[in-house]
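Just so you know, the sequences run in chain order A and B. The opening position of the first sequence corresponds to residue 1 in my numbering, with each subsequent residue numbered one higher. The opening position of the second sequence corresponds to residue 1 in my numbering, with each subsequent residue numbered one higher.
One or more of the hints may lead you astray.
[Claimed, not checked] Now the stretches of chain B that chain A is said to cover, found in silico as 3 or more residues with beta-carbon under 8 Å: (1) 148-157; (2) 249-256; (3) 276-284.
[Said to hold, decoys possible] Quick list of in silico lysine to any residue cross-link-like pairs, SDA-like style, CA-CA up to 20 Å: (4) A/Lys58 x B/Pro218; (5) B/Lys238 x B/Thr266; (6) A/Lys77 x B/Val34.
For the record, the hints were derived by calculation from the structure and aren't laboratory data. Just so it is clear, the structure is predicted and the values come from calculations on it, not from any experiment. Don't be surprised by glycine CBs; every beta carbon is placed ideally from N, CA and C.
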Amino acid sequence: MLRKYIHSKTTLAFLFTALVCLQSFAQDWDIPANKKSKNSYFPFTKETIEDGEGLFLKNCQSCHGNLGKDNSLKSLKPTPPDLAGAKTQERTDGDLFYIITTGRLIMPSFKTIIAEEDRWDLVSYIRSLNKKYIQVLSKNDPSKSKLVVVKMSFDSLSYKLRVDVKANEKEGVIALKDAEVFLFAERYFGRLQIDSTHHTNNDGVAFFSFPKDLPGDKNGNINLVVTVGDEVYGEIEAAKSLKIGVPTDKPSLTEKRAIWNTVTKAPIWLMLTYTLILLGVGAFLLYIVFSLMKIKKLGKE
Amino acid sequence: MSEQNEQPKKKSRRDFIQQIGILGVGSAIAGSAVWAGINYDKKKKAGDRIKVLTAENELLEIDKNDTTKIKKSKYDNLTLLQKEGRVGIPGKRWVMVVDLSKCKNARKCMSACQHAHHLRPEQHHINVLKMQESKNTPPFYMAKPCQHCDNPPCVAVCPVDATYKRPDGIVLIDNERCIGCRFCIAACPYSARVFHWTTPLNEEEDKDKVYNVELNVPQRKGTVSKCLFSADRLREGKMPYCVSACPNGVYYFGDENEDAVTNGTTKETVRFQKLLADNAGYRLMPELGTNPRVYYLPPKNKSYPFQEGDKSEAEEHLDNNNG
Numbered sequence: 001m002l003r004k005y006i007h008s009k010t011t012l013a014f015l016f017t018a019l020v021c022l023q024s025f026a027q028d029w030d031i032p033a034n035k036k037s038k039n040s041y042f043p044f045t046k047e048t049i050e051d052g053e054g055l056f057l058k059n060c061q062s063c064h065g066n067l068g069k070d071n072s073l074k075s076l077k078p079t080p081p082d083l084a085g086a087k088t089q090e091r092t093d094g095d096l097f098y099i100i101t102t103g104r105l106i107m108p109s110f111k112t113i114i115a116e117e118d119r120w121d122l123v124s125y126i127r128s129l130n131k132k133y134i135q136v137l138s139k140n141d142p143s144k145s146k147l148v149v150v151k152m153s154f155d156s157l158s159y160k161l162r163v164d165v166k167a168n169e170k171e172g173v174i175a176l177k178d179a180e181v182f183l184f185a186e187r188y189f190g191r192l193q194i195d196s197t198h199h200t201n202n203d204g205v206a207f208f209s210f211p212k213d214l215p216g217d218k219n220g221n222i223n224l225v226v227t228v229g230d231e232v233y234g235e236i237e238a239a240k241s242l243k244i245g246v247p248t249d250k251p252s253l254t255e256k257r258a259i260w261n262t263v264t265k266a267p268i269w270l271m272l273t274y275t276l277i278l279l280g281v282g283a284f285l286l287y288i289v290f291s292l293m294k295i296k297k298l299g300k301e
Numbered sequence: 001m002s003e004q005n006e007q008p009k010k011k012s013r014r015d016f017i018q019q020i021g022i023l024g025v026g027s028a029i030a031g032s033a034v035w036a037g038i039n040y041d042k043k044k045k046a047g048d049r050i051k052v053l054t055a056e057n058e059l060l061e062i063d064k065n066d067t068t069k070i071k072k073s074k075y076d077n078l079t080l081l082q083k084e085g086r087v088g089i090p091g092k093r094w095v096m097v098v099d100l101s102k103c104k105n106a107r108k109c110m111s112a113c114q115h116a117h118h119l120r121p122e123q124h125h126i127n128v129l130k131m132q133e134s135k136n137t138p139p140f141y142m143a144k145p146c147q148h149c150d151n152p153p154c155v156a157v158c159p160v161d162a163t164y165k166r167p168d169g170i171v172l173i174d175n176e177r178c179i180g181c182r183f184c185i186a187a188c189p190y191s192a193r194v195f196h197w198t199t200p201l202n203e204e205e206d207k208d209k210v211y212n213v214e215l216n217v218p219q220r221k222g223t224v225s226k227c228l229f230s231a232d233r234l235r236e237g238k239m240p241y242c243v244s245a246c247p248n249g250v251y252y253f254g255d256e257n258e259d260a261v262t263n264g265t266t267k268e269t270v271r272f273q274k275l276l277a278d279n280a281g282y283r284l285m286p287e288l289g290t291n292p293r294v295y296y297l298p299p300k301n302k303s304y305p306f307q308e309g310d311k312s313e314a315e316e317h318l319d320n321n322n323g
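Chain A with its partners taken away, still in its complex shape (with noise of 0.2 Å):
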């Protein structure tokens, strides 16, 4: 029984291992299902083409290299495919739009550094040069998003951020479950994600734990980001400033005297011993004209 039950562990523990090592070796994306079937809810133009050429050239050009000109940058492991062949025109829009959003190994997300909308542009922009291409539309109608509200309220003594996000209907307003929700701090060069990724309850309500030593501006305030994403009502941003970071007003790095520093922030050892110096040598001369003065009365007399 014993030994039965050792060996069923090992063969498990042997399957794991070989999942982990399959899993880390594979070459594919892992797109789930849902996100595959996802589509633009606006039709691919010329000037949706246009505006992905833009976004094409200055975050993917370095690696991919032009579209259908086979010039991405070989020396990068895994390698870059052209993205006009065929293994990726073969992929649906949504398989697209999920590699730019999420990116995997060396390939970044996007997620916080192109909007959603740029994102299905750089989609049609990859799609441009396929003449077999024929898109389908999303059924879902992009102005639902803006029946969202997101309100963010902080619970000082749990040290919390609730986010509630309900959409307000004719039918009246209605919770948003199971939503995907991020919760970012702006800082200077980006957003700092704070927490993890969590989804809405049933009331549509999601906590974040908020970190206690994250600095805020001179007052403590930080401006904050909700992103939502939802199946229905796509992605809404919502933004607030709270009063909820250690306020930070750090002097600036020149404020103190040092030897480096600029003539009235010398040290005052330097100033008082500069000074003594010249007072010193200035005596010194002035005690020599004196004494020659004194000799040439002597002399007189």
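Based on these hints, arrange chain B on the given structure of chain A.
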């Protein structure tokens, strides 16, 4: 005599004429004075009035004597860019984190930097070095920009206030002030500075450009140039040239006051202190007390092997280091 004095004084004709005379001369003098005054005013209108341009771009004519000279401060002669370059961006303390485990010696940081600052291929504001610290430790690639020390030895030795530290932590050099003495090059323990021995690259094209102290362009022959943490880009909210150019996610850049650094490749923002704590971050030559603003994460689990061809170059350091 006494009799004459006792007589009551009678107005004689002589006295009368005398008085009239005084009155006449007096009024003539007064008249000419008034005349001269009017004349003076007229003259003033022509010559002693000057045209001035107000701050609101209004052209006015005022009396020359009514003007007061504003006392010039030390920096008034410098261009706006130079003044801006001395002040920096308030409330910031820039930091850079270099993750050595991710460096694949792509050298994109170097070319982006040289392109931005108009440097020759052999001049480096940032350089990817091939390092080996002792015989039994493995070699690794190490990107090395200016460390922007909080206690900069280079600034202390500058005799003309050309190189300076800014309130936001960046150490800059003003090529318009630099006299080319190279004291700073001798003082820097990180060999972060370069000297323009020959005419700089693109000198002809840059001739008419306004000198930007936050970019060191146009470069000047006979002066020192160094890494500037791309101060001109930071002003626009963008990350330095080298950081954005890296294809391998080596660099993080951010503000220490915000406790956040952003990766130049993935654009992911992380907590600065946590990144250092989790990865055993360190600084170069801490024993010198220079307090650099550039932090390194050790080359642990390198994603790219050190190339055979680079090994001999890395070993060159060993002899000086007693193996």
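Comparing the hints with the structure gives:
1. 148-157: n = 6 at 8 Å, threshold three: holds.
2. 249-256: Holds, because 4 residues of the stretch 249-256 of chain B bring their Cβ atoms closer than 8 Å to Cβ atoms of chain A.
3. 276-284: violated (count 0)
4. A/Lys58 x B/Pro218: Outside the cut-off at roughly 27 Å; violated.
5. B/Lys238 x B/Thr266: With Cα atoms ~14 Å apart, lysine 238 of chain B and threonine 266 of chain B stay inside 20 Å; holds.
6. A/Lys77 x B/Val34: violated (97 Å)
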